[in-house]
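J.: For the protein sequence lines, the chains are A, B, C, D, E and F, in the order given. Heads up: the first sequence begins at 1 in this note's numbering, then just goes up one per residue. Heads up: the second sequence begins at 1 in this note's numbering, then just goes up one per residue. Heads up: the third sequence begins at 1 in this note's numbering, then just goes up one per residue. Heads up: the fourth sequence begins at 1 in this note's numbering, then just goes up one per residue. Heads up: the fifth sequence begins at 1 in this note's numbering, then just goes up one per residue. Heads up: the sixth sequence begins at 1 in this note's numbering, then just goes up one per residue.
Each hint can be trusted.
Think about it this way: if two alpha-carbon atoms lie no more than 30 Å apart in a straight line, the pair counts; the simulated DSSO-like pairs of lysine-lysine are: (1) D:Lys129 x E:Lys37; (2) B:Lys76 x B:Lys40; (3) E:Lys216 x C:Lys354; (4) D:Lys44 x B:Lys102; (5) B:Lys155 x B:Lys135; (6) C:Lys310 x C:Lys36; (7) E:Lys76 x C:Lys455; (8) B:Lys120 x D:Lys175; (9) B:Lys40 x B:Lys195; (10) B:Lys150 x B:Lys102; (11) B:Lys155 x B:Lys120; (12) D:Lys44 x B:Lys135; (13) E:Lys39 x E:Lys76; (14) B:Lys76 x B:Lys43; (15) F:Lys178 x B:Lys150; (16) C:Lys455 x F:Lys334; (17) B:Lys72 x B:Lys120; (18) B:Lys40 x B:Lys193; (19) E:Lys76 x A:Lys97; (20) B:Lys69 x F:Lys178; (21) A:Lys172 x E:Lys76; (22) A:Lys163 x E:Lys178; (23) A:Lys68 x B:Lys71; (24) D:Lys72 x E:Lys45; (25) E:Lys39 x B:Lys5; (26) F:Lys334 x C:Lys447; (27) D:Lys175 x B:Lys43; (28) B:Lys3 x E:Lys37.
Just some of the chain D residues that point at chain B, by a computed CB distance under 10 Å: (29) Leu78; (30) Leu82; (31) Phe98.
Simulated from the structure, these hints should not be mistaken for lab results. None of these values were measured; they are calculated from a predicted model. C-beta: ideal position from N, C-alpha, C; glycine also.
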Amino acid sequence: MDMVTALVLAFISIVLINNLVFTKFLGICPYLGVSGRIDMAFGMGMAVTFVVTLSGTMTYMIDNWILKELGLEVTRYVCFILVIAGAVQLVEMYLRKFFPSLYESFGIFLPLITTNCAILGLCLFINLWEIDRLLEAVVLSFGAGIGFTMAICIMAGIRENLKLADVPECLKGAPITLITAGLLTLAFMGFAGMIR
Amino acid sequence: MYKIKHFFQQSWLLIVTSFAFGLLIAVANARWSDEIEWNKTEKLNRLSGALLPEARLELYAEVEIELDKGKKREVKLREAVSRAGDRVGWTFEAAGSGFQDKIELVIALDKDLKTIVGYKVLSCNETPGFGDQIKDPYLREQFEDAPIGKFKPVKRGEGDPEKIDSEIVTITGATVSSEAVVNIFNAYVEKVKGKIEELVQKQKEQISDDKEG
Amino acid sequence: MRFVTKGRFSFRGGVHPPEKKELTRDSEIQPGPAVKQVAIMLSQHIGAVCESLVNKGDSVKAGQKIGDSDAFVSAPVHSSVNGKVKQIALQSHAVLGRSMAVIIDAEGDDNPASQPSHTEFTDSFDIDSYSSAQICTAVRDAGIVGMGGAGFPTRVKIEPNPRMPKETLIIDACECEPYITCDYRIMLEWTKQIIAGTRLARKASGCSQVFIGIEDNKPNAIEMISRTLEDCGDGDRIKLAPVKTKYPQGGERQLIKAILRKNVPAGGIPPMIGVVVLNVATAAAIAEAVVSGTPLTHRVVTVTGEAISKPGNYYAAIGTTVEDLIEFCGGVTESCAKVVLGGPMMGIAIADLKTPITKTCGAITVLTKRQIGRAKYEGRQTPCIRCGRCLEICPENLNPTKIAHAVKHNLLDVALAYYINACMECGCCSYVCPANIEVTGYIKTGKIFLARQKKKMPE
Amino acid sequence: MTKKGETKAGLYKETLLAGLWRENPVFRLLLGMCPTLAVTAAVKPAFTMGCCVIFVLFCSNIVVSLMRNLLKPHLRILMFTLTIATFVTIADLYLKAFVPDMSETLGPYVPLIIVNCIIICRAEACASKNGLAVSIIDAVGMGIGFTLTLCLLAGVRELLATGAVCEIAILPLLKEDGWFVPWAAMSMPVGAFITLGLMLGLVNLLSKSKS
Amino acid sequence: MILASVLELWSSAWRAGLTMLGLGSGFALVLLVASEKLKVEVDPKIEQIHEVLPNLDCGACGFAGCGQYAKAVLQKPELIGKCVPGGPDTSEQIANILNLQVSDSGPQKRPIVHCRAHTSDRTYYAAYEGLPSCTAANALSNVQACKFGCLGFGDCTRACRFDALHVVDGLATVDYEKCTGCTACATTCPRHLIEMVPFAHENMLTVACNSRENGKSTRSMCKVGCIGCGLCAKQTDIFAVEDNLARLDFTKFEPTEQTETAMNKCPTGVILFRGATAPAPRQPGKKSTAAAEK
Amino acid sequence: MLKDIAVSNSPHISKPLSTRAVMVDVVIGLVPAMAAAGYYFRVRALILPAACVISSLAAEWLCNLIRKKPGSLGDFSAVVTGIILALSLPPALPVWTAVIGSAFSIAIGKMVFGGLGANIFNPAMVGRTFLTASFGMLMTTWMVPATIPAALSEICPENNVEARTQATPLAWSKQAIKDENGALIYNEQQFRATLTGEVGGCLGETSVIALLIGGLYLLLRRTINFHIPLAVLLSAFVFAAVFYLVDSDAYMQPFFHLSSGGMLLCAFFIATDPVTAPLTRRGMWLFGIGVGAITMLIRIVGGYPEGVMYSVLLMNAVTPLIDRLCRRIPAGGKPS
Ligand SMILES: Cc1cc2nc3c(=O)[nH]c(=O)nc-3n(C[C@H](O)[C@H](O)[C@H](O)COP(=O)(O)O)c2cc1C
Ligand SMILES: Cc1cc2nc3c(=O)[nH]c(=O)nc-3n(C[C@H](O)[C@H](O)[C@H](O)COP(=O)(O)O)c2cc1C
Ligand SMILES: Cc1cc2nc3c(=O)[nH]c(=O)nc-3n(C[C@H](O)[C@H](O)[C@H](O)COP(=O)(O)O)c2cc1C
Ligand SMILES: Cc1cc2nc3c(=O)[nH]c(=O)nc-3n(C[C@H](O)[C@H](O)[C@H](O)CO)c2cc1C
Ligand code: SF4
Ligand code: SF4
Ligand code: SF4
Ligand code: SF4
Ligand code: FES
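Only chain A is shown next, with the shape it has when bound in the complex (with noise of 0.2 Å):
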């Protein structure tokens, strides 16, 4: 039962109180390119969600079965992001071949993804933090996915009626984009607090 109460705690937290992009500052660049419509920002978003999990998973694996063994923590962050690249570039090029209706929808954004902070990022702070049982690991980088989906379809339905508003032309696209992020990065410091 604790267990269960920590592990909702975890999802809670990651997605809401230390939501990677609000707090953290991870996965701007598709935060910012690809929140123009909802459809392409819920499979971005989707997609995230998956390498999210999938790499996560994988480097606690990794980091504390393998590296920490081996006394190699030094090339971690060379095993981390080859773990991330290849694992996305291989899942890419499965689904494009067995599941190509499944690579339409969600797929296509795979590429865009390896260079995406939120990823790493997520997998270095699951280090950092110094999680110690694989299954928060695995609830944190899910949280983290579902928390980068809320935030980017949230901007993508902002952007979306944004489309309609008289926007100072200097301040049209990414300018408008990240000022609305920073109002929403208020909204959301009222979720501070709220886990200890």
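Got chain A sorted already, so can you dock chains B, C, D, E and F with the ligands onto it with the hints?
T.: Relative to chain A, chains B, C, D, E and F with the ligands alone:
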């Protein structure tokens, strides 16, 4: 056979570079690992040094203490030794959850384990302007020279921040963070004190054993 | 029980603009002006434009067919005066801008308005002596088109269509537009024609039930019609349905919803659910055409508005210009700011007063600045404050502000996604908007854009 | 991008200047936004970050440029990330060894340079297509452009958040009998997003009035 | 000495080196196998386009990564130029791959506005207070007396992405220096006033009117409209009057004496040049300077 | 021929209603709250609103100037923003802070999005959150109502201090959760105090009666419709009631939560801001429920005593999604 050849044709670059880069990283690490280690202790030293000026820290022991709810935590006990070689106090790191995130402190106790020398914040992620005031003297000075024991947080106006006692007047607007500091003290200090006494006792016994032996 | 209901039938949404019917409510239908010249538009209906059957210099008789088309969806036009064809030329048209018209110089002492055939209408006719096909042919030959505003050829509406069998005929006697009273006067004065026309239309279309929908702000008309219904042979098939007074209760989709509790599919037309809606004036014209063989050359026009000196209802020759009619009513006062063909909600503002009236033109409303509203007149608009009023009143349950903004920013796919094509352009959303945004105007424009885009598609 | 310079020197200059303004990674290409936002609460970490990026960009551009003809398509991304990750690790170790407090402030954002979009972007767009010299100059230009932008942003934020720039007091604080009360929000994520947003707007405005 | 230190370094480093070697070759192997086993046939052009794209997957083009953009651009060549980081070079390369050289079929087409009336030349019966859009205004009758002429609310201006079209004093006016001939304006104008004309010369002669009203009506509505008098058609047969409106056959146009005379003879001065260096049109009612000299 | 006639699209008449009239209505609705504030906080209730309104107007004027747009002060929306911001500020707040807040509200909260009607977030709440994040201490320093005689104020021990700090009802609530004595701490007298407004808190939030009068006025004038206020209050009530029923020792009565803090101000004046709330009725219900629930979540579980501004901003953020979710279907069904 063909396949192996094909593999090497396609991938030799990656194989070679990964080996080379692996070496490179390892070399850099080997070169700098001492500095990195040193930096880590140096920071502790600096902070504790501010608490216990003119003292040198030496790792005394690593002990495991049990916090509430059965959580166990490794604590590195350090002994502060003056130039003359006398023990002047103890320091250890302690952590607990604050308003936003984990708060990490270094706490210093005097050598007789009667009073608290003070604390320094190792890391905290509290809101600037609110919770990060736990770094300020207002809260810190209330602990200095306070007797070791349980502390009690009280609201401003209910106690006197100038008076050194077990009542800690919290920072308005940052009650939660202040209480977090108090809680860290309450969770650690007495347990650590017990451990140190145990260890010192053991050491003494050992010395006397040695003598006897 | 002749009344369908005692309660007030209605639909969701709608607005209550000031009625202003008192200006002309009690003015009996009078003959219109005798004019020197009429311009008979060759296009007075939805559908194919007529081709002129006469040439410059020809003499024509009142009631003579002067334009026709072979197309199914079309209706012939007739001369409303005796005279000589002066020329066939472009003339200002309320909807089409400039369109071809036969311009006829009236001759002799022929007073075009002195054809009060209506008053002589005898309702002692034998309905069984007319077959459905006969009625339809007569209706077409008389050039009858919907006189409620849209001008759809009536024959096409009432002719049985095996693909969409008709079950219900609704006579639209709501006259929900403010100011206008032409239908009301017809109901009071030419009740017999209306009932006769209704019976004929029912017979022609093969409908099993008939409703006459009247807004409950016209108790006299309700009384009058119900009395006449009792006397007529078909009375028990025809039911009277008083409906709540609210704009746009007379819109056919709203009327159907109110009376039958059925929705016409969005973007669809009533025949899809087996309903025919006819305006009362149309019904009256049907009776005239079938029983007396009179073509549609005159119609009742309400000339009204605060800026008209002598507002009233006139039986005017089609082809009379707006200018002539206004002058006939004593001209306009100083404060005149807008001349509208039709009512203030759906009518079309015209700039060229030489525009002739057509079969669909039930009213000329001349508004003053005060009526238009200062904010609107001076272009004092603010951005949309998303107050939601337009959503609340939209009878079609749309999201007008969203559609309007999408059109404004040329996002036609968004406009489509919010069902721009389901809008019937009733104008309620513009009416209520506190920001004075021309919501309806944007939507209309968007529809034009879309239509053009669609045309381009096949390439 | 390499078209305009006619002489070699012109080409180099063009490449160098491109990174500074015309193709400024932050303002124009909108790349590498995460560190831009995360480390700019104060000038010092921002500058450190910039230096790391210059170093990594420099090294990886050299390596990528050297091996550009040997790349196999299916291993390309892997090679790039491997190279970058190696140099980032080295940079990280260096910081840990010699600038420990900065290393601590920057935390995971140093390793995150690996996935910083600028670096992969330059590897792909420049180094893997151009010779050594151009790649190096491009790295320097881009790196400096990135660093300067970071410092600018950090300067504004630090000033408003603490009244100081580079920890040198500029606005007298109310606490210390001055008049300025720090805007704590500027050191929070809000400050980062809004300042960058407004700055981008300003840049857009400037470049438009210029053209 | 040196050897010793190298040896020492080696002893601490070989494990890391080997691990990475293992990892590297592992991934190399897996990816190699995968790339061969999981190969999907795609249009080689997509690959080619993908090659020339910067491969940043930055999303600036509005697509989810370069691959998607490559695919889209293959189907819709008008999307060329959306890749911001790639810039014009990339666009050019893509165009090459798609074989999109500008077809050399005749001279480039440029828009000509078939109206020359400015606000002061036109007759208005009423003030227009509707939406400032030609399409909206065109849906009402008689916003201005002439049903055929330019409304001047600039739907075309808004359609032009190259800032090459402006409403000057109520009349849409093309800036031929900026115009790229994209036809956006021509398809937008609700009055179909803008025609894409093959510009065989820098300046083209045109009858700048669209009114099919008879001469009398036209005169009552517009000071400068074509009254269909047919004087121009008498000069040369590249002019023809139809529906009260003179038309010029652009394909046959050459600047000759006859065209010059036709231009000068036109009583309303509606025959005039349009183009980058076109002379200012004659004022209505006035003879051309050349004619005056004679 | 007639002169001076105009043509335009139909309809040719319009309801005599304008944006300004709507905004003026809101100001009128806020008058009772301002009057109550004047009674309890004296000059501060004059200075703060004046400063906020003036600086809001100035900021809007300046933004329009920069954008070279025609002035938009005439629509009075900046006045409303200023007043609502002022009413949600602690009475003792220095004027310069209020000025920064209003400028931020208008410039960043509204004008960068394109001005009236285009903003995604409630400008006043944007300003307030920014102030809270920036000048936290000032924003949580409360003043004792002037009507409480110094001698009587057990609640405010430090009565001698100029800007007297007084615990607000919500602070009791937070304390009560910690001490698990919610049921004890809340009594009749205090409930009456929240009704009249004789408690600590933001300028315009203390008096329940004044807010109810203002809200009722807006409802009667149909400037707002009842969906959002009702949804906010209902969901907050239910949320609080569940906690109260589970553990009435620790948690306050649900009515306490409705009557304290910014809840009523929010329900009637802030959540109802048409610009930032959903358009459709179903959307309004969702929005209101969200605001109420998140407010209570923050109050009961979260780190702050009050969550109104955060919950409003959070729901503002998802308003576009709500609007999308609750897209209206035409009366005749979707066209095929
Ligand atoms: C933006 C903001 C940030 C805050 N950050 C902290 C914080 O870091 N630490 C803390 O103890 N309280 C913080 N608080 C204050 C808490 O919300 C809470 O009011 C306080 O801890 C308890 O109230 P008191 O200290 O005034 O009695 C913050 C408040 C706000 C509005
Ligand atoms: C918004 C709106 C309001 C209308 N109001 C009336 C009305 O008041 N009376 C009427 O007879 N027709 C009205 N119509 C026209 C009817 O919808 C319908 O077209 C007409 O009654 C059909 O009869 P007809 O073909 O005989 O004209 C209205 C249409 C719309 C779109
Ligand atoms: C409209 C409005 C919104 C508010 N929103 C918040 C909020 O989100 N967070 C907050 O701490 N206080 C907010 N306040 C202030 C609170 O209502 C209340 O006065 C204050 O939080 C009291 O709590 P404390 O003194 O215990 O910190 C708001 C006030 C108003 C009028
Ligand atoms: C009922 C109503 C409530 C409003 N509430 C607010 C508010 O809470 N905050 C605000 O800044 N403006 C408010 N306004 C004013 C206006 O809508 C607001 O400034 C816009 O958000 C600016 O675009 C309100 C207006 C109305 C009609
Ligand atoms: S005009 Fe269209 S959108 Fe507006 S209320 Fe009428 S039906 Fe609805
Ligand atoms: S009525 Fe006007 S202001 Fe209100 S939502 Fe509709 S368009 Fe916007
Ligand atoms: S040319 Fe056509 S689109 Fe352009 S302003 Fe004139 S009428 Fe409008
Ligand atoms: S829209 Fe195209 S064709 Fe028309 S003026 Fe502009 S560039 Fe030229
Ligand atoms: S730097 Fe591009 S996603 Fe983070």
